[in-house]
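*Asks:* If you're matching positions, the sequence shown starts at 2 in this note's numbering and goes up one per residue.
Be careful, since some hints might not be right.
What the hints assert, rightly or not - Derived lysine to aspartate or glutamate pairs resembling EDC-like cross-links, with alpha carbons at most 20 Å apart:
#, residue 1, residue 2
1, Lys-77, Glu-129
2, Lys-20, Glu-129
3, Lys-20, Glu-56
4, Lys-136, Asp-160
5, Lys-77, Asp-127
6, Lys-20, Asp-30
7, Lys-77, Glu-7
8, Lys-20, Asp-127
9, Lys-136, Asp-169
Derived by calculation from the structure, the hints in this document are not laboratory data.
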Amino acid sequence: MFEAAEDGVGTVTLNRPDKLNAMDQGVFDGLHEATDRAREAIEAGTVRAILVRAEGRAFSSGLDISLFGQQASGDKPADDWIAYLQQAFTGLEDLRVPVVAAIRGVAFGAGCQLALAAHMRLAAPDAELALLEAKWALVPDLGGLTRLPRVVGLGRAADMSMTARRVDAETALAWGLVDRVLPAEDFETTSRAFVAELAAGPTVAIGAVPGLLRRSYRAQREDMLAAERQHQQACLSSADFVEAATAAMQRRPPEFTGR
């Protein structure tokens with residue numbers, strides 16, 4: 002489910018609270034649709050940051066086991082089927098505005114991998130993250146083995162992936178698996194306010210940062226420096242840069258428009 006608000010925040014919501022937001026085919030189809038709608042709103046300039054959240058007491062308990070039966074009985078090759086599931090997360094990661102996951106309760110398996118696809122992660126004190134695929138004799142295949150070592154390092158990524166270790170909020174914060182732990186009593190309000198603050202920022206610039214950071218892992222130094230030059234030229238010609246410079250000269254807070 003996707004909703005856009007007047008303050009520039011687009012919200013993607015997992016909405017199977019009675020199933021701890023376990024991800025069935027409908028959830029993945031919904032994520033594809035939500036990403037398409039978010040992309041359209043970003044192009045229109047009405048959405049400038051994305052909040053990924055969930056209804057109920059859990060972010061997501063992981064894949065709904067019904068998916069395995071559907072794949073086995075379907076006519077789509079396993080590689081195509083997994084690629085479709087992967088793209089539901091990659092599509093969110095590739096949006097050119099900040100994408101922030103707000104994690105309450107468990108984020109297991111696919112839920113953890115969805116959170117990893119966000120550019121930043123906020124956690125409630127009861128948050129617990131884990132990759133449980135090893136318990137099913139599987140590997141994390143929705144980007145977990147790509148993104149997790151870049152976030153927590155190879156050793157901790159191996160630990161989580163091979164032992165199905167559950168990581169609580171404070172440990173996740175210490176590891177860099179989440180970026181902030183917010184108070185439980187106003188977690189929804191505070192996490193949304195954080196995203197609204199990003200949406201009010203210079204999103205031409207900050208929206209480019211996640212893609213550049215990802216590119217840095219596979220690019221040669223000179224290619225990366227060229228990419229930084231290219232994006233900086235776009236920033237220098239943006240209305241946000243003009244507003245930042247004008248506001249500094251006028252000694253007032255800037256009012257960014259994301260253009």
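*Asks:* Each of the hints needs a verdict: does it hold here or not?
*Replies:* Taking the hints in turn, this is what the structure says about them:
1. Annotation: proposed proximity of Lys-77 to Glu-129 is violated, straight-line Cα distance about 33 Å (limit 20 Å).
2. Distance restraint check for Lys-20 and Glu-129: the Cα-Cα separation of roughly 17 Å lies within the 20 Å cut-off, and the hinted pair is therefore satisfied.
3. Proximity of Lys-20 to Glu-56 is assessed by CA-CA distance (about 10 Å); at most 20 Å being required, the pair is judged to hold.
4. In summary, the hint linking Lys-136 to Asp-160 is supported, as the alpha carbons are separated by about 13 Å, within the 20 Å threshold.
5. Between Lys-77 and Asp-127 the CA atoms are separated by roughly 38 Å; this puts the pair beyond 20 Å, and the hint is violated.
6. Restraint check for Lys-20 and Asp-30: the C-alpha separation of about 17 Å stays at or below 20 Å, so the hint holds.
7. For the given pair, Lys-77 sits about 40 Å from Glu-7 by alpha-carbon distance, which is inconsistent with the 20 Å threshold.
8. Using a Cα cut-off of 20 Å, the hinted pair Lys-20 and Asp-127 holds, with the two alpha carbons roughly 18 Å apart.
9. The suggested pairing of Lys-136 with Asp-169 holds, with an alpha-carbon distance near 19 Å, which does not exceed 20 Å.
Taken one by one, the earlier hints fail for this structure at numbers 1, 5, 7, listed in ascending order.
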